[in-house]
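Trainee: This is what each chain is made of:
Number of protein chains: 2
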Amino acid sequence: MNQPTNKNYQLLCSHFQSISHFEHLSALGDWDQAAMMPIGGGEARGAAMAELAKHIHSLKTAPMLEQTIAAAELEALTAQQQANLREIRYQYQQANIVPGSLVEAKTKAAYKCEQAWREQRSQNDWQGFRPNLENVLALAKEEAQIRAEALNISPYDALLDKFEPGMTSTRLEHIFGGLKSWLPGLIEQIQEKQRHQDRFQIPHASSDAQALLSRDVMTLLQFDFNHGRLDTSSHPFCGGVASDVRLTTRYDEADFTSGLMGVVHETGHAKYEQGLPLKWRGQPAGVARSMAIHESQSLFCEMQLGRGSAFLKQLQPMLQQRLDCNLSHEQLLNIYSRVTPGHIRVDADEVTYPCHILLRFEAEKALVGNQLAVADLPDFWSAQMQSLLGINTDGDYKNGCMQDIHWAVGEMGYFPSYTLGAMYAAQFRVAMEQQLGSMESLVASGHLSSVTGWLEHNIWSKGSLLTTDELVQQATGETLNPEYFKKHLLQRYGA
Amino acid sequence: MNQPTNKNYQLLCSHFQSISHFEHLSALGDWDQAAMMPIGGGEARGAAMAELAKHIHSLKTAPMLEQTIAAAELEALTAQQQANLREIRYQYQQANIVPGSLVEAKTKAAYKCEQAWREQRSQNDWQGFRPNLENVLALAKEEAQIRAEALNISPYDALLDKFEPGMTSTRLEHIFGGLKSWLPGLIEQIQEKQRHQDRFQIPHASSDAQALLSRDVMTLLQFDFNHGRLDTSSHPFCGGVASDVRLTTRYDEADFTSGLMGVVHETGHAKYEQGLPLKWRGQPAGVARSMAIHESQSLFCEMQLGRGSAFLKQLQPMLQQRLDCNLSHEQLLNIYSRVTPGHIRVDADEVTYPCHILLRFEAEKALVGNQLAVADLPDFWSAQMQSLLGINTDGDYKNGCMQDIHWAVGEMGYFPSYTLGAMYAAQFRVAMEQQLGSMESLVASGHLSSVTGWLEHNIWSKGSLLTTDELVQQATGETLNPEYFKKHLLQRYGA
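Here the protein sequences line up with chains E and L, keeping their order.
The numbering used here applies: residue 2 is where the first sequence begins, and numbers increase by one.
The numbering used here applies: residue 2 is where the second sequence begins, and numbers increase by one.
Extracted from the complex, chain E is given alone in its bound form:
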């Protein structure tokens, strides 16, 4: 029998295919615990997920990998195979930095903290939440320290790198510093401009009716229900695997408008997953590029497309049919372009949203860098909210530092991805319009698939075959340029 000329590479592919099977189960366990699992099932689930995380880690650090990767690097591979091998080496290196026992401990602590957080948040129970968060943070810091030493970067940068490979706090400070120089002024200016706008009564809408509406909107966005589903959870997310994407949302019967855009947002994530290259399923080159690129797709969908006039025009009859809602197109446009400083990040408009991220970025840096204790987080939060958005959160933990799931599950370093994503989304739109003409005109003339087609061709189908910089360079002609986001906000909201 002939040996293939790239047998080491083939061996790696088969090994990482196995890993992807266990990651499939991990994604299922995460989705289930958030969307389905009764509280009493949490302890056993946490133990099972920790065992699984440890197992995946042991597969990613299998002793044979070092020399098999080295041997594969000498084999004759296509450009795409080389890209896959690059991602394989990256995953191997990342996993090797952290001991399996820490991976297991982190998973257990995260499960415990999150399970309790769900109830504690609704009870505004900061004192109950704090020790769990301290526990999770201690483990995140332990990981940060280990990664920092291995990569010779700062502990916080070592966490950023997990979600956005190559991103540094210095670069973020530069990007966010730019934002800080003009965003507060713009917010003030828009608020002044919108002060005298009419406010509309949002009609009551049952959860059942909103669920039907959500399916309609997902269908409009070409979500493939043969490869995914929609459920509810206390913290909306997009999970599952590319062949079976699990979205969740939540419904506020007194105000459907936020949940509706939540579904549009999560559908953006889902379309990215469903559009990942079929040929590379189960391989490291076949997964989504980074969290910032993932958020760019959800925010493209929600902010660039979803809050545009043409898309809202298509929603209007659906609202009428499903919710018996008589808001006019102009009223919808008005509602979805309102800029209102608020407590809750996920409910924020796109102009005040970056302020929520600035706060979290500063808090994370300080927590990981030992300049801020968990006990002092609520005061830090309130002071920052006051300074950035004029909001006091003293004593209101539920709508303050307890509102998000990320820290409860130990994901320190994730938040900047949201604002980077908003910036990439603006940049993608400009590039797309240079090729296809105005997105508004395309949507208005029934050519939404030209828009999704561009995203599929330039982003989704690339998986991780390119680095983030290569991906953005090929799609837009340059790497990340925050100016497009500024131009977008000025154009949509400016005086």
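The reader is advised that the hints may include incorrect statements.
Chain copies aren't distinguished; within one or between two, either way the pair holds.
Straight-line C-alpha distance at most 20 Å; calculated DMTMM-like pairs for lysine to aspartate or glutamate [as the list claims (entries may be wrong)]: (1) K55 x E24; (2) K109 x E24; (3) K280 x E44; (4) K142 x D377.
By construction, these hints were calculated from the structure, which means they are not laboratory data.
Based on these hints, arrange chain L on the given structure of chain E.
Mentor: Just chain L, lined up with the frame of chain E:
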């Protein structure tokens, strides 16, 4: 540091605890694919579940087990620890018989066959189903052959043994032969007696209303919703893990009565799982004893308790409230004691039910023993149905040999457990009543918890600490005695 005197035993406990974590994920994957997963997710899920099955198998056959078990058998252990060690050795032996590659191939084939079966069944598509079933059966036969050689028993007995350790086809032929001698006569006699009974209009009931009713009934039966949930699936089952039991049912809006007893049945399974000994969670001694004992608990709940007059009296106001159903207690009693030969096993009354099992037992034996080809199964089915229940199923595959999920997923040898379960249930009732007095009086006087308490004490809390024969002997004073089942049917239905 002092070494524990039973360190080999402790090592085994820790190893099997790990295995139970992966089995937790396996149970979750199974439940999800039946109750939640969109069809398009099936291929990736099947691959993930096959990988997981292979991994669990590799853990159960780890090379260190042979000598660790042998060493543990020389250690000073309590009686319960000895029982756990016995179950550990049993699981190890069972796993060692079958190669991991066959476990993986079986899982893949079962997933493929089941996924397709769901659609094929509704389309009555026998020609589409047949090659998949042949494939699944070929693998089941391969397993049977390997097990038969290792255990020095017949291939079909080797499959029976998986679900009901120690059960043989000879013993079953004796038990079922007994049934055959009197059951057809009884069915005829009851039909004659019931020929002139009134028939009642069953009111239409929406799925939503039935779902609320189901929760009420589960609550009445003390199902713990903090450790479980209820959903719908095309084939009702009880899955999940002891700390998070996942029931499913299906609702027929034109006739709620079958779905309602389906929920009572599955709740019987669930109570067994929820009542397993907390102290032994994650250990082989802590799981349910056997499938026949499992079915004894569901059938106790559905047939002994659920169709009794006192329980139906408690259901009656719930039906009124949730379904606006005005059937009287007498009418309910009448409906739930009707004996009507029908096509569908899961909808069968308790008198004709064993006929469905007799048929499947004969078919399984013949299929595994190469006396029957899959291609000839429909004719075999129709002939047997004709002879046992006077029903012709020619061409009606959907309500014939395609109705059940078991063979589609390769579970040959499971069906006899149902009728063994019905026999155990009757036997348990007699023993319980000898200690507590009439179950009907207990339920009528609001002492349902005395009934569940007896089951918990004698069955649920024993897990697998006793063998099946020991369990039944301790609970009832003798091993399986089919006479109690006969007496029960004669007493409830006899002339």
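Trainee: Indicate, hint by hint, whether the structure satisfies it.
Mentor: Hints, one by one, checked against the model:
1. K55 x E24: Both. Shortest intra-copy (12 Å) and inter-copy (15 Å) distances satisfy the 20 Å Cα cut-off.
2. K109 x E24: both (17 Å within a copy, 18 Å between copies)
3. K280 x E44: Close across copies (14 Å), not inside one copy (38 Å); limit 20 Å.
4. K142 x D377: within (17 Å within a copy, 66 Å between copies)
Checked against the numbered hints given earlier, this structure breaks none of them.
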